[in-house]
Amino acid sequence: MTDILRLSIPLTAWLVAFSAVYGLQGVVCSERWAEAGLDLAAGRVALTMAWAAAAALQVACLLALRSPRLASRSAFVRRASLTLGITALVATLWTLLPVVATSLCL
Amino acid sequence: MNALRRHRALERIWAPRPGWRGKLTTVNNNDIGLMFLFLAVTFFVIGGILAMLIRAQLATPRSVFMEPGIYNQVFTMHGVIMMFLFAIPLFEGLTVYLLPKMLGTRDLAFPRLSAFGFWCYAFGGSLLIFSLLAGIAPDGGWFMYPPLSSTLGSPGINPDFWLLGITFVEISAISASVEIVVTVLLYRAPGMSLDKLPIFAWYMLVVAMMILTGFPPLILGSLLLELERAFGMPFFQADAGGDSILWQHLFWLFGHPEVYIIFLPAAGVVSTVLPVMARTTLLGYGWIVTAAISLGVLSFGIWVHHMYATGIPHMGLAFFSAASTLVAVPTGVQIFAWIGTLWKGRPEMHMPMLWILGFFATFVMGGLTGVMVAVVPFDWQAHDTYFVVAHLHYVLVGGFVFPMLAGLYYWLPHFTGRKRYFKLGTTAFWLVFLGFHGTFLLLHWAGLLGMRRRIDSIESGSGWELISLLASIGGFVMAIGFALVLIDVGVAVAVAVRGRRNPWRAGTLEWAMPAPSPSYNLASIPEVRSRNPLHDDPDLPVRIARGEGYLGDPASGLREILTVEIASGRPTSLVIFPTNTALPIVMAFVTGGIFVGMLIKAYWLVPLSLAGVAMLAIWWAWSLGSRKDQGLRPVGHGLVLPLASEVKRPPGWWGSLFLLLANGVFFGSLLFGYAFLWTVAPNWPPPAWLEPGLPGPLLALGGAALALGGIRLADRTLRRGTGPWLGLLAGLTGLAALGGAGVTVLTGTTPDAHAYDATLWVVAGYVVFHAALAGLMTVFLALRAAGGYLSSRRIGAARVVRLWTDYAVAAALLGLGAAWVPGVLT
Chain A
1 MTDILRLSIP LTAWLVAFSA VYGLQGVVCS ERWAEAGLDL AAGRVALTMA WAAAAALQVA
61 CLLALRSPRL ASRSAFVRRA SLTLGITALV ATLWTLLPVV ATSLCL
Chain B
1001 MNALRRHRAL ERIWAPRPGW RGKLTTVNNN DIGLMFLFLA VTFFVIGGIL AMLIRAQLAT
1061 PRSVFMEPGI YNQVFTMHGV IMMFLFAIPL FEGLTVYLLP KMLGTRDLAF PRLSAFGFWC
1121 YAFGGSLLIF SLLAGIAPDG GWFMYPPLSS TLGSPGINPD FWLLGITFVE ISAISASVEI
1181 VVTVLLYRAP GMSLDKLPIF AWYMLVVAMM ILTGFPPLIL GSLLLELERA FGMPFFQADA
1241 GGDSILWQHL FWLFGHPEVY IIFLPAAGVV STVLPVMART TLLGYGWIVT AAISLGVLSF
1301 GIWVHHMYAT GIPHMGLAFF SAASTLVAVP TGVQIFAWIG TLWKGRPEMH MPMLWILGFF
1361 ATFVMGGLTG VMVAVVPFDW QAHDTYFVVA HLHYVLVGGF VFPMLAGLYY WLPHFTGRKR
1421 YFKLGTTAFW LVFLGFHGTF LLLHWAGLLG MRRRIDSIES GSGWELISLL ASIGGFVMAI
1481 GFALVLIDVG VAVAVAVRGR RNPWRAGTLE WAMPAPSPSY NLASIPEVRS RNPLHDDPDL
1541 PVRIARGEGY LGDPASGLRE ILTVEIASGR PTSLVIFPTN TALPIVMAFV TGGIFVGMLI
1601 KAYWLVPLSL AGVAMLAIWW AWSLGSRKDQ GLRPVGHGLV LPLASEVKRP PGWWGSLFLL
1661 LANGVFFGSL LFGYAFLWTV APNWPPPAWL EPGLPGPLLA LGGAALALGG IRLADRTLRR
1721 GTGPWLGLLA GLTGLAALGG AGVTVLTGTT PDAHAYDATL WVVAGYVVFH AALAGLMTVF
1781 LALRAAGGYL SSRRIGAARV VRLWTDYAVA AALLGLGAAW VPGVLT
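Those protein sequences? They're chains A and B, same order as listed.
So the first sequence is numbered by this note's numbering: it starts at 1 and just counts up by one.
So the second sequence is numbered by this note's numbering: it starts at 1001 and just counts up by one.
Everything labelled a hint here was simulated from the structure, so no lab data went into it.
Some clues are possibly wrong.
To be verified - In silico contact screen, one side only, chain B against chain A (beta carbon under 7 angstroms); selected entries:
#, residue
1, Thr1281
2, Leu1283
3, Ser1294
4, Ala1309
5, Gly1311
6, Ala1318
7, Ala1322
8, Ala1323
9, Leu1661
10, Val1665
11, Phe1666
12, Thr1679
13, Gly1709
As the list claims (entries may be wrong) - Label pairs and their in silico Cβ distance ranges:
#, chain 1, residue 1, chain 2, residue 2, range
14, B, Arg1452, A, Thr2, 44 to 54 angstroms
15, A, Gly37, B, Glu1691, 21 to 31 angstroms
16, A, Met49, B, Met1052, 32 to 42 angstroms
17, B, Pro1578, A, Val45, 58 to 68 angstroms
18, A, Val45, B, Ala1688, 52 to 62 angstroms
19, A, Ala53, B, Leu1608, 27 to 37 angstroms
20, A, Met49, B, Pro1687, 28 to 38 angstroms
21, B, Pro1516, A, Ala101, 55 to 65 angstroms
22, B, Pro1578, A, Met49, 36 to 46 angstroms
23, A, Gly37, B, Arg1452, 26 to 36 angstroms
Backbone N, C-alpha and C fix where the C-beta goes; we use that ideal spot for every residue, glycine too.
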């Protein structure tokens, strides 16, 4: 089961982070954000930090999958999990890039 | 014992009962798989006839062939049948039939669950077809957007058939997915480590996980919409704090992965068939596995791709546009791996290859228009036009139907044991291929000219008349082609000459048995050393038939099968499977009472059916296990293994784990809906937040501690060989307290007052239901302990109950916490 987890975790972490950042963007653009006394600049900072945290999580995941203690004993699973880890890191950087590149609530 | 005697002995053990009763009571994967396939093809024919009615209506301007109300039912049911009653059940059927054979085992993990899934599909599908014949079919489009589908837009019974019929059918998909995941992980030939899995098994593992995580949001959406329609709980009504966009989120959380759920099995067929046709091995096996996994997960990040026109802010659109373009990468990896496989091999042009080439041409075009609609400005122009209709048909027909027909012709000798003689199939291919492109290539053009989807007639002078007429002619040509495929297959089944085993000289294990396959599939279980065992050892089929593998001695008279360790494929336990029984069909029938009761508003039938299902489930589980420890049993080659009922994590534990995964996604979707409404919906905050008070939280916390501690105490005392009574009593008390905490929320809300109250009511109902379910399991465990079915070795049932209790506690704390937090904060 641990080998299946090694294969599943990187992209699942991407999906969770992606959905969470999308949810955060929804909160930032809602009336609740303003009611809490926060402005859109704070929202941009929060989103950028969330993106950085998601990328850091993926880097940590990749390092863990490479480490002798946590890597799979199967060469096939080791290679596949590293490929999926890199895919998840690229997906995190690419799909969440809009937090610094587009308007926030228009 | 010679091969013939072994065959006869195994047939006596594994075969269904003779006559028509055999079909109703069989739990064998060969029968269930073929029944799925036959029914799915029947629904395909019905869906195809509806498509022809649509094309007849749109062939000429201002057509009066059908009145608008009937047309709405026809196009809705065409989509519903093709997506829910044809595509998914077709690959389920193929998988149920093929997967055990490819994995080198004798059946799927839970044979009775296969049969239960099939009967739910048959009954649920029949319900939908009945609505069509009675003229009360769903008519709001296959994705049923409210408010059109709510009582405001559709006061009749039509949408209820969709909401309840589809949910009934989805039980079958969830059942099949649990089966597939547990089978791929545990039920394989010894030595078949993860890197030696047949590529089709990898694809189906990904697809099954996608179904377990993709279908629950739709089941939740259907439940919420049905509750709104039946009891006025305003989840999707803006004036009472609901939001119709919530439906779109829940639907497309299912709907976009659904496209890949349909495509990936077909890609699995291509990855299996193509190397055999090219007389080589698959290029980039590891890359294809990672591409399939990537595609499976990335496809969940695209659901808003279908909602670009709903007014979502630019940043949200950009997230999903980026994710949509990313999906093209793993798809491209697979396409290039297939092209590379052709390049390195010596392709032979047989019927399966013809359909695969048709797939390449069509699917690549559908994929490219997919990238076009992933780009937001283009999608705003093409949204809800025939361009999208053409794109989705290129993806679904090109990406699913064509590869499945390749698979049909590839495995036809396996299904029938016969060799195709007539050449009707080639004519059929060209009619389908040319007819398809004649229809849908042109419809891209109509869409770009502004032709809206779902219109029941076209106006003269619109500029779409000639395109629509030509598309209709193409549609009928395609239909003639599909009819010829059916005739070709029918002729092959009925009159073709006997063929030889493994006519394609393939390397995978499904060809290591006689064709058509015997009910037990493999006379003995082989040891596997590569991905193509038949290429390594051409004599393997003979040695299997001689009983030289594991479990080659049928003397026990039981349905015996092996489980293996997930990563290495090392044998771990011996499983004794249940025999033929009418329990699955009876249980599916009683389950149908829940849906029919809701449909005809005979609400008394719902709790009655639920009680019936619970009693049948107890009967189902009671028949398993033994009253004494069996110890280690010989399985051949000097190896001895424990029975699966005497290991800590039996297959039932794994099945529960993956069922709870689906259940957890359902609950997560509910909490997402709650958060969505709180954040985005108009008319919030509600008139009043729920005050938690003291009794509710105390009951929840105390109940959680007792439930968690109780089942652990019971587990520990069982391992020590003493009675689990105190632990079970504590656990039951804790679960009752948790249920009580949920009831405080139920009684504190007015479900039809505001979407907030309605949501809390569903959250609390979920908590009470799961506390009651875990409580029922605890009572069952106590009865099993009293009956002598549990011991320090036979502890698997206790582990299953512990899993469900832990889940009930986690759901209660999370759900009730979410319900109470706003009241505490304000």
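Tell me the numbers of any earlier hints that the structure contravenes, in ascending order.
1, 2, 4, 5, 9, 10, 11, 13, 16, 18, 19, 22 and 23
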